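Based on the hints, put chains B and C in the right spot on chain A.
One line per chain: the protein sequences are A, B and C, in this order.
In terms of my numbering, the first sequence opens at residue 1 and continues consecutively.
In terms of my numbering, the second sequence opens at residue 442 and continues consecutively.
In terms of my numbering, the third sequence opens at residue 919 and continues consecutively.
It is worth saying that the hints were derived from the structure and are not from the lab.
Wrong hints could be hidden among the right ones.
Unchecked claim - With a Cα cut of at most 20 Å, we get these calculated DMTMM-like pairs of lysine to aspartate or glutamate:
(1) Lys505/B with Asp972/C
(2) Lys503/B with Asp990/C
(3) Lys945/C with Asp68/A
As the structure is a prediction and not an experimental result, all values here were calculated from the model.
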Amino acid sequence: MTTDVSKVQVPVNVPGFDGAMVAALSVGEPALLSAARAAALEKYRSLPMPSRRDEEWKRTEPDLFPFDRVKPLPLLPREEAPVDDWNDKFDVVVHVRSKGYSIRDVSGVLAAGGVKVLSFAEAARDMGDAFAQYLQGHAQRVGAGKFDALGDACWNVGLFVQVPPRCVLERGILIRYEHDEDLSVLVPRLVIVVGEGAQAAVAEQMVSPDGKTLMVLPSKEIYIGEKGNLKLVSLQEWGDDTYHISSDWAVVSRDAQLDWATVNLGGKVCKMVFGSDGAGQGARSELHGLYFATGEQHMDQRTLQVHSAPDTYSNLLYKGAVLDRAHSVYQGLIIARKGAIRVDAYQKNNNLVLSDGARADSLPGLEIDADDLKCSHGSTIGNLDEDEVFYLRSRGLSDAQARKMLITGFFEQTLEKVPFEFIKEYARERIEAKMGRLMGV
Amino acid sequence: METSDTQNIVSDEYKYGFVTDIESDTVPKGLNEDVIRLISHKKGEPEWMLDWRLKAYRRWLKMKEPHWAHFTYSPIDYQDIRYFSAPRGAGGAPGVVDEKLQETFERLGIPLHERNRLEGVAVDAVFDSVSVATTHKKMLADLGIVFCSFSEAVREHPDLVKKYVGTVVPYTDNFYAALNSAVFTDGSFCYVPKGVRCPVELSTYFRINASETGQFERTLIIADEGAYVSYLEGCTAPLRDTNQLHAAVVELIALENAEIKYATVQNWYSGDKEGRGGIYNFVTKRGHCRGKHSHISWTQVEAGAAITWKYPSCILEGDYSTGEFYSVALTNNRMKADTGTKMIHIGNHTKSTIVSKGISAGESDNTYRGMVQVLPTAKGCRNHSQCDSMLIGDKCEANTFPVVQAENSTAVIEHEATTSRISEEQLFYLKSRGITEEDAVSLVVNGFCKEVFKHLPLEFAVEAIKLLEMKLDKSIG
Amino acid sequence: MTEWIEATDVSFFDGADRKLIQLGGGKVIAVFKVSGDFFAVDGWCSHDKALLTDGDLEGHEIMCPLHGARFDVRTGQHLSLPAVRPVSRYEVKVDQGKVWVKAGANT
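Looking at chain A on its own, in the form it has when it is part of the complex (with noise of 0.2 Å):
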């Protein structure tokens, strides 16, 4: 029998995610977004879908995802902007829930012009045709695949945040995405960009309730202008039952810096890529990651450090923990082009394997096409040291501290990396949240 082993049902398109769903999402769009959408869709289309033969999709089987139970949303309205435990340390606070979304100006720097926030309609109006170059999305990029191409197409509130030339943002900026409308997929697009010789620090934080079944497909674009400076943090804490599946990219152009931290603790499956690409000289990328995944989490990360110009250097430290059932893939790929010369990369992912029955799947790589360059990947599995649980434990420690105590230690290399002290501490007590079922282990 010849049967081909990888169909079992899975759907060919995302229902509800078609051409009419694109039409009504495009009404009263400028000519230049709706063209976008048509072109991702066609894309899209083209695309089979992922199945677990294929090697991205192996450690994460499409399956997993409940496809068929959700249903999109429509374009989200501007709303009423909420009052924010976070508002007064940030320069602008934008909201993203599954009803609207909404931007608080508070410290009056988008009033005083220079700095932007605004939907996709309002700076396709604004710019014009050059708004087309943030449109490019990442079904460009490398590996981007079917879904890249569905958010492309389907994207229910897109949002611009642009820091001028030389412009440094006190504060900074929190997007905070909050989805609770029960089976349904959020599909939220943002776009940086920070102008030359700027200086900004964004938060991400993502929230929603535990027992929904939720999906969200966010994904986001940076752009970091000559001798610009972004620091980033990504705060993942879905519910219990979300899923979700992003690919975000940074383009750090000559002499830009980008610091980016990571920090995945929720949701039911995630599969994330996270990019940089160092395309001009001089560009360097701080990548950090902290995952953290508990009782029967599924957590896919892949990375991609990308060279595409000389004398750009990348260094990525993910560190992840494991815990009950749950389930960890960091894959890892430094790509060197030709012409990428004297390229400085390093790529380290550390993983706890913290219970029987707890997984940990490590894959990193080297691409490399340039001569001349220092590149290297390294990569652990284990579990605490019993010498070090020992040493704790006879100075006082019961056991489940003792292992508590050390498990921080090993995040605290990557949460050091977080900008925004408050952040910091709001991980660490998260990150302790979850370590309460360590007293079964």
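Frame of chain A, contents of chains B and C only:
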């Protein structure tokens, strides 16, 4: 620095490219059940062997050729290959070897006559598809060690072969294993009985001579409880401008407390500078550490072939068993290599070590692909991997794609990889000490590879170093 | 989830020796009929996740179509490389003309 200077140093003078003018007993080209029956008949095989071949062939017909490696190659026409070619005069009276054949092997530096024997090495020579001679057989037989061609083993020791063949690499395993199981013509067989330590290195030398033939050898080595054997495989083929397929299968089985060391120095013809011709080296090699405290190590120096596609692996089933993989893969001109290993930890306290060194030059493509897997029931396992790549010149490619999958909380796994080019500083330092560019490159490369070379038997370490140097020597113009 | 799930009518097996049941979320169970008895194991091969119901069934041995790993359908035990671990086994019963599978794994 001008990269063309370093590039000139890395050249390829294939001195094994000669063809032996000899009469061969060949079957017509093409593959079908009749060809398989003919091969089996010529070898005087029992019914069960033919049966196995036919099952494998019928399975192969249903399989699809894999294309997931990190390279492309011109399609292989399986009907355009001659699946059997025995040199006339081979398989005659034992101890008597055809003159021409002897000449060939002497030219290759392989001693066939016992009076010329290389001290401490027993050699089995395979010319095209047939084993033509095996040295030291009596001495080994006295110890109860069976070392002979695979065909002879099928005839003289059928029970042993039947018990173990296909248990480590079943014919269903992959496309080339299925093909090999159907049409294998010869190879080596070795069985070392309980508690016996094989006193000499065992070695097989494979030579593809006839044109348009493929070489499908089958090797099976069994080390019974407490046994030890060290084995070396060497290979060459003449210069031809079309590709020839080499799809071998090697199965190693180590029972309790046994140890098998398997080393390969491969210098198949790798095609000309334009990438024409050369051997397609698609091989399945796997070792099964079946017993507690058993040990299998793979050491390979891959310096030839147009394409090398192989992953010598270890299944670590017995508790406390260990697997090792040491590899140097050199690619130059238009060569391609996609090689690596799989270490599967099933038993408790199993350990694996991987050291892989890739050297790419010219316009070649060199990829390491590996997998370390620890099953949930495997307690206390350890792995350490080091995969380094060195690039020479700016037109080659080096990739590293390891996969680590840990499902047990007591496993400790460490993997490191680096990619670099021969550094300017190193070369400058050596040149300023009066060493020529070529020697300097050689020195740096040898330093890069020494961790692997130290696992080769001494005589072969010397040969391997010479081989690398030859591959990197400036061509005398 | 340990309740009994209806797999199919017994009569289905008049013309077939196997049936694949899909439980959603990627979980599948393979039911086999050998010499009048029914057996159920995980539908995915434990080696590289191909569907066991696409393989050759010889006596109580099912061979995965992808790399030929063999399993005993009575116990789920792996019988050959490249499989290195067993597949889960499920209880089967025949009741009122239908075949039922208990979807909480026994291993």
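Do the hints match the structure? See the list:
no.: 1; hint: Lys505/B with Asp972/C; verdict: holds (15 Å)
no.: 2; hint: Lys503/B with Asp990/C; verdict: violated (23 Å)
no.: 3; hint: Lys945/C with Asp68/A; verdict: holds (16 Å)
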